[in-house]
Amino acid sequence: MRIWAITPWEWFFRFRTRRDGEIQVPFTFQSKGVAMSQEIVFRMGVPIVNASGQEVGTLEKLVFLETEKKITEIVVRDLSGLRRVPLTQVRDITPHSIRLTSSGSLADFPMFDTSQFEEVPLWFYPPDYRIEVGSLMTLKPQDIRLLGESEALSRRDFMAKSTALVATMIGISLVVPIGGYVLAAAKTKLSEHWVTLPVTLDKLPVDEPVAHTFNAVSVSGWMRVPVVRTVWLIRHTGSSDPISEPEDLKLDLDSSLEKKFSSPFLTVFSPVCPHLGCSPQWFADQKLFICPCHHSIYKLNGKRIGGPAPRPMDTLPVRLGKDGSIHILYEEFQVGVPQKIRLS
Amino acid sequence: MKKTVEDSRLMRYLDERIRIRALLSFLLDEPMPGGARWAYVFGSMVFFALIMQFVTGVMLAFYYGGTPDHAWDSVNYIDHLRYNSLDVGRLIRGLHYWGASMMVILVGVHLLQVFLWGAYKRPREIMWLVGIVLLGLTMTAAFTGYLLPWDERAYWGTIVGTNMIGLVPVIGPLLKSVIRGGTGLGALTLSHFFTIHTMVLPSLFILFVVFHLVIFRRVGPAGPFRGTPPTLEAQKEFFYPRQVLMDALGMLAVFVIIAGLAVVFPPGLEALANPANSSYNPTPAWYFDWIFELLKMIRPEILGVLGLPALIGIVLIVLPFVDKKPERSPFKRPLAVLATLLVLGAMAGLSVAAEAGYKKLVVLDQRSVLKGKVLFEQSGCLGCHTVMGKGGKIGPDLSEEGLVGHSANWLEVQFVDSSKHFPDSPMPKFSYLKPEQLHDLAQYVSSLGRTGWPDPTK
Numbered sequence: 001m002r003i004w005a006i007t008p009w010e011w012f013f014r015f016r017t018r019r020d021g022e023i024q025v026p027f028t029f030q031s032k033g034v035a036m037s038q039e040i041v042f043r044m045g046v047p048i049v050n051a052s053g054q055e056v057g058t059l060e061k062l063v064f065l066e067t068e069k070k071i072t073e074i075v076v077r078d079l080s081g082l083r084r085v086p087l088t089q090v091r092d093i094t095p096h097s098i099r100l101t102s103s104g105s106l107a108d109f110p111m112f113d114t115s116q117f118e119e120v121p122l123w124f125y126p127p128d129y130r131i132e133v134g135s136l137m138t139l140k141p142q143d144i145r146l147l148g149e150s151e152a153l154s155r156r157d158f159m160a161k162s163t164a165l166v167a168t169m170i171g172i173s174l175v176v177p178i179g180g181y182v183l184a185a186a187k188t189k190l191s192e193h194w195v196t197l198p199v200t201l202d203k204l205p206v207d208e209p210v211a212h213t214f215n216a217v218s219v220s221g222w223m224r225v226p227v228v229r230t231v232w233l234i235r236h237t238g239s240s241d242p243i244s245e246p247e248d249l250k251l252d253l254d255s256s257l258e259k260k261f262s263s264p265f266l267t268v269f270s271p272v273c274p275h276l277g278c279s280p281q282w283f284a285d286q287k288l289f290i291c292p293c294h295h296s297i298y299k300l301n302g303k304r305i306g307g308p309a310p311r312p313m314d315t316l317p318v319r320l321g322k323d324g325s326i327h328i329l330y331e332e333f334q335v336g337v338p339q340k341i342r343l344s
Numbered sequence: 001m002k003k004t005v006e007d008s009r010l011m012r013y014l015d016e017r018i019r020i021r022a023l024l025s026f027l028l029d030e031p032m033p034g035g036a037r038w039a040y041v042f043g044s045m046v047f048f049a050l051i052m053q054f055v056t057g058v059m060l061a062f063y064y065g066g067t068p069d070h071a072w073d074s075v076n077y078i079d080h081l082r083y084n085s086l087d088v089g090r091l092i093r094g095l096h097y098w099g100a101s102m103m104v105i106l107v108g109v110h111l112l113q114v115f116l117w118g119a120y121k122r123p124r125e126i127m128w129l130v131g132i133v134l135l136g137l138t139m140t141a142a143f144t145g146y147l148l149p150w151d152e153r154a155y156w157g158t159i160v161g162t163n164m165i166g167l168v169p170v171i172g173p174l175l176k177s178v179i180r181g182g183t184g185l186g187a188l189t190l191s192h193f194f195t196i197h198t199m200v201l202p203s204l205f206i207l208f209v210v211f212h213l214v215i216f217r218r219v220g221p222a223g224p225f226r227g228t229p230p231t232l233e234a235q236k237e238f239f240y241p242r243q244v245l246m247d248a249l250g251m252l253a254v255f256v257i258i259a260g261l262a263v264v265f266p267p268g269l270e271a272l273a274n275p276a277n278s279s280y281n282p283t284p285a286w287y288f289d290w291i292f293e294l295l296k297m298i299r300p301e302i303l304g305v306l307g308l309p310a311l312i313g314i315v316l317i318v319l320p321f322v323d324k325k326p327e328r329s330p331f332k333r334p335l336a337v338l339a340t341l342l343v344l345g346a347m348a349g350l351s352v353a354a355e356a357g358y359k360k361l362v363v364l365d366q367r368s369v370l371k372g373k374v375l376f377e378q379s380g381c382l383g384c385h386t387v388m389g390k391g392g393k394i395g396p397d398l399s400e401e402g403l404v405g406h407s408a409n410w411l412e413v414q415f416v417d418s419s420k421h422f423p424d425s426p427m428p429k430f431s432y433l434k435p436e437q438l439h440d441l442a443q444y445v446s447s448l449g450r451t452g453w454p455d456p457t458k
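Residue numbers (the numbering used here), protein chains in the order written: chain A, 1 to 344; chain B, 1 to 458.
No wet-lab data here; the hints were simulated from the structure.
Simulated restraints on C-beta separations: (1) Ala346(B) - Val176(A): 37 to 45 Å; (2) Lys390(B) - Ser220(A): 22 to 30 Å; (3) Ser191(A) - Gly182(B): 33 to 41 Å.
Here the structure is a predicted model, which is why all the values come from computation and not from measurement.
C-beta atoms are modelled at their ideal positions from N, C-alpha and C, and glycine is treated no differently.
Extracted from the complex, chain A is given alone in its bound form:
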């Protein structure tokens, strides 16, 4: 029942250590010229005893030289940390203890620096070795330098890099189309859909804005939705009265489309406030457009005289028919900027 109380990876490690605490290495062990060709058992945690019979530490790891396929050192854990003891200093190895040739403490032996060693998996070794990874390290960098390769990539590193490369290739091959896909509908195609308003010029009062609705179709991707839109219509007498000339034209914010299709007899304003998109209302008593949201104030010709609006009210292209019919092109502009940038 205890097993279920611990996290999966602790369970994994515990089992590993408990089950595989033994390492059996069938190789020839030489110590002081005495060859012992029998199976040597290195057991994790076994006490290391010096020549005087004192226990100086416990066995933690083995150091394996890959090129020579030999265990060259043992790593002992004592009170100061991990120390490396060459196998030449070992007199005797039994499953219960390891005896050293020297007496005294391990203070003369070098510390074991994990950054200089690399754990290697089993398939590095010949099949006869039954060695557990985790207790065995290989002296990789020096080893390869012994062989003369200074910038060698270990097999592990090559595999790791290859895996990363494959993952990156797949990732990029997916991210590029997906990125394009997501961005594909962002830009609306600019089209020229002229709408005929159901009112003629002569029915409009002079120099007084009238909000007029018309039916339009909004295209959203694959769907065409009927919508009702409004525009402000202001009829002028046509004489060059400063009050009637739209501010847009004066400040040269208009695109070629608006300049081409404009008329001194009719100004058409978009109902969208250029500040943040609310709808300015006409107040006849004050002769001003006032936006209810943030109080941008515009005069009859769209000129800003107060409030946070960055540009005057936007004029829309208009075509007048010979019979007085009014055709407009409904455009939408980017709000919040001083330039008149058409979005749709």
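Using the hints, position chain B against chain A.
Relative to the frame of chain A, chain B by itself:
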């Protein structure tokens, strides 16, 4: 763990906060007795195909409209979606379409490999059962996804499929009307199928894949079918890095195949679903071909409809409980291998027979189709025939003529002398047309109902 991984500052940061080194070690240092093998890559390949389906499916859902009046339009829109002249919509749709087929194949291959390696035997019976559930989920996903474009193929294929469900005794008619959301296929059917396909099934997939993987780590990989425990232990490798690399290469192969198919064979769209079209020949998706053919041979139908899937399901489910012999090598299980070969051979043979029985549609050549279109308009065909709502009412509506399955030869004869097919036909004889004109015209007529849809992005 690698030296470089240990030293990295990011790893140290994450290790302090989420103990990532222990987590990565758990995931990557999975012991595999017997070592890394190429035979083990199929599970990861299925998983990768599933992730591809999730990702491309979510992308499709960004632009899909799930009602009968808009589904076809939205899929047509996706097919024409372009980013700086790159056909991204068609590509994503192709990846999802071919990804589905690949996933069915890979699930089959993975099942086969697990079966042949005897990895369903004790103690892995529960893992096998979870895998069978995943197989069922895969086929359900394929079935529900098929309806979503709401074209003729989707509509009629689902009519037949749900009719089959209705043949189940006792609960069949109720089940059918629940799935359909009524009597015929309509808006409710589409929303049912869309929800099942995009919400219910992905949740179940995630749940059961997690079960599958957790059980796999708890019980351990089965490993090779040969070798004693000591030798296997001696050959033990860890998941990282070799098997991870093999798995990654397998996934790359899956991706390349799916992407290649998506680019070369885009899925296409047939005409909008028309419930009144009584002359349409529904054909199932290729992975249901063998059942389709088998059902023709089994009488009464209910035996084939209910009996067959039930039989397969029962065989697969009881397999680990019936086969108690611990022997795992396929070389020592001749009965298992023979049964596998028989079943595979039968499925392949039935599928081939089914495909041979389908009316083959004419292979289209785009340039010829365009020339034929011009010729069609010039020859005055619209005087008697209607195409896409325009034209006369004397001859039949040709809007979906390409789906009927007439051969190019039949069409050319029809143009030149229609009385050979219909003795009382008032259709004039267009014998003045040159052979290549007849070819182009036949190509155009064969394209009607299959392709050439207007571009909604313009």
